[in-house]
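> Input sequences plus hints: build the corresponding full structure.
Chains as they are written, first to last, in our numbering: chain A, 1 to 115; chain B, 1 to 113.
The hints are simulated quantities; they were obtained by calculation from the structure and are not laboratory data. All C-beta atoms in this analysis are idealised placements derived from N, C-alpha and C, irrespective of residue type, glycine included. Just so you know, not all the hints are guaranteed correct.
For the chain B half of the interface with chain A, some residues (derived, Cβ under 10 Å), not all of them [unchecked claim]:
#1 Leu45
#2 Glu58
#3 Gly60
#4 Val62
#5 Phe66
#6 Ser69
#7 Asn72
#8 Ser88
#9 Leu92
#10 Ser94
Once the Cα atoms are required to be at most 25 Å apart in a straight line, the calculated SDA-like pairs of lysine to any residue come out as [what the hints assert, rightly or not]:
#11 A:Lys69 <-> A:Lys96
#12 A:Lys96 <-> B:Lys7
#13 A:Lys61 <-> A:Ala1
#14 A:Lys49 <-> B:Lys7
#15 A:Lys96 <-> B:Thr99
#16 A:Lys71 <-> A:Val57
#17 A:Lys61 <-> B:Pro106
#18 A:Lys61 <-> B:Ala2
#19 B:Lys7 <-> A:Glu15
#20 A:Lys96 <-> B:Leu73
#21 B:Lys7 <-> A:Val57
#22 A:Lys49 <-> B:Ser5
#23 A:Lys49 <-> B:Thr30
#24 A:Lys96 <-> B:Ser59
#25 A:Lys49 <-> B:Ala2
Computed beta-carbon distance windows for the label pairs [said to hold, decoys possible]:
#26 B:Ser59 <-> A:Glu15: 39 to 47 Å
#27 A:Lys96 <-> B:Asn72: 26 to 34 Å
#28 B:Glu54 <-> A:Gln42: 28 to 36 Å
#29 B:Asn72 <-> A:Pro79: 44 to 52 Å
#30 B:Arg15 <-> A:Glu20: 30 to 38 Å
#31 B:Thr56 <-> A:Gly22: 25 to 33 Å
#32 A:Glu15 <-> B:Pro106: 23 to 31 Å
#33 A:Pro115 <-> B:Asn82: 22 to 30 Å
#34 B:Arg10 <-> A:Trp83: 23 to 31 Å
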Amino acid sequence: AQSVSQHNHHVILSEAASLELGCNYSYGGTVNLFWYVQYPGQHLQLLLKYFSGDPLVKGIKGFEAEFIKSKFSFNLRKPSVQWSDTAEYFCAVNPKDTGRRALTFGSGTRLQVQP
Amino acid sequence: SAVISQKPSRDICQRGTSLTIQCQVDSQVTMMFWYRQQPGQSLTLIATANQGSEATYESGFVIDKFPISRPNLTFSTLTVSNMSPEDSSIYLCSVATATDTQYFGPGTRLTVL
Numbered sequence: 001a002q003s004v005s006q007h008n009h010h011v012i013l014s015e016a017a018s019l020e021l022g023c024n025y026s027y028g029g030t031v032n033l034f035w036y037v038q039y040p041g042q043h044l045q046l047l048l049k050y051f052s053g054d055p056l057v058k059g060i061k062g063f064e065a066e067f068i069k070s071k072f073s074f075n076l077r078k079p080s081v082q083w084s085d086t087a088e089y090f091c092a093v094n095p096k097d098t099g100r101r102a103l104t105f106g107s108g109t110r111l112q113v114q115p
Numbered sequence: 001s002a003v004i005s006q007k008p009s010r011d012i013c014q015r016g017t018s019l020t021i022q023c024q025v026d027s028q029v030t031m032m033f034w035y036r037q038q039p040g041q042s043l044t045l046i047a048t049a050n051q052g053s054e055a056t057y058e059s060g061f062v063i064d065k066f067p068i069s070r071p072n073l074t075f076s077t078l079t080v081s082n083m084s085p086e087d088s089s090i091y092l093c094s095v096a097t098a099t100d101t102q103y104f105g106p107g108t109r110l111t112v113l
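This is the structure:
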């Protein structure tokens, strides 16, 4: 079975700081990778996804993530955060080779951006 | 993308009662899922709702406690039966599109007293 680790549980940044949130997964085969965001009081929204091809993927709101296969990582980045980026961020995977479409989520990272 | 609605958005229930949560999608989808998000925690898959057959439950979740229906390709229900305070959670419906992307509903916030 696959698992996902998000090592940063709570991150506090000032506006304009750069952001990198870590995500590592454990699975022997190939996976689809996702980042979701949950703004306060709102439901989960898809930020970006990686299925194949260019390992650097760009998502909404200036976010990007890089898939590094050798490190089993899919870290989320943003060069300059805004107060409105305050939210909880979840990394998720599902395996390509089993037909299982459900997602396995990491524990989430709470990002707090201070004005 | 897919637009998903859930009813109710929140409820407060008494111990021992049951609550049925509805999930409606604006287009036909093959895969629908039910997740639980306990306070301050991540999402855990409860089951895959299969159209025309019994749901597929994850380890730790059983049909008697969480019966699921999926009468067609746009609708599913999850019932939380014989509730206890430990069932207080946000219950989320999600769908997987043909492009393998999952979209989530707004969730149902359940409080059991």
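> Taking the hints in turn, state whether each one holds.
Evaluated hints:
no. : hint                             : verdict
1   : Leu45                            : holds, 5 Å
2   : Glu58                            : holds, 8 Å
3   : Gly60                            : violated, 13 Å
4   : Val62                            : violated, 17 Å
5   : Phe66                            : violated, 15 Å
6   : Ser69                            : violated, 18 Å
7   : Asn72                            : violated, 19 Å
8   : Ser88                            : violated, 18 Å
9   : Leu92                            : holds, 7 Å
10  : Ser94                            : holds, 8 Å
11  : A:Lys69 <-> A:Lys96              : holds, 14 Å
12  : A:Lys96 <-> B:Lys7               : violated, 32 Å
13  : A:Lys61 <-> A:Ala1               : violated, 32 Å
14  : A:Lys49 <-> B:Lys7               : violated, 28 Å
15  : A:Lys96 <-> B:Thr99              : holds, 12 Å
16  : A:Lys71 <-> A:Val57              : holds, 17 Å
17  : A:Lys61 <-> B:Pro106             : holds, 20 Å
18  : A:Lys61 <-> B:Ala2               : holds, 20 Å
19  : B:Lys7 <-> A:Glu15               : violated, 37 Å
20  : A:Lys96 <-> B:Leu73              : holds, 23 Å
21  : B:Lys7 <-> A:Val57               : violated, 34 Å
22  : A:Lys49 <-> B:Ser5               : holds, 23 Å
23  : A:Lys49 <-> B:Thr30              : holds, 20 Å
24  : A:Lys96 <-> B:Ser59              : holds, 21 Å
25  : A:Lys49 <-> B:Ala2               : holds, 16 Å
26  : B:Ser59 <-> A:Glu15: 39 to 47 Å  : holds, 43 Å
27  : A:Lys96 <-> B:Asn72: 26 to 34 Å  : holds, 28 Å
28  : B:Glu54 <-> A:Gln42: 28 to 36 Å  : holds, 33 Å
29  : B:Asn72 <-> A:Pro79: 44 to 52 Å  : holds, 45 Å
30  : B:Arg15 <-> A:Glu20: 30 to 38 Å  : violated, 44 Å
31  : B:Thr56 <-> A:Gly22: 25 to 33 Å  : holds, 31 Å
32  : A:Glu15 <-> B:Pro106: 23 to 31 Å : holds, 28 Å
33  : A:Pro115 <-> B:Asn82: 22 to 30 Å : violated, 47 Å
34  : B:Arg10 <-> A:Trp83: 23 to 31 Å  : holds, 27 Å
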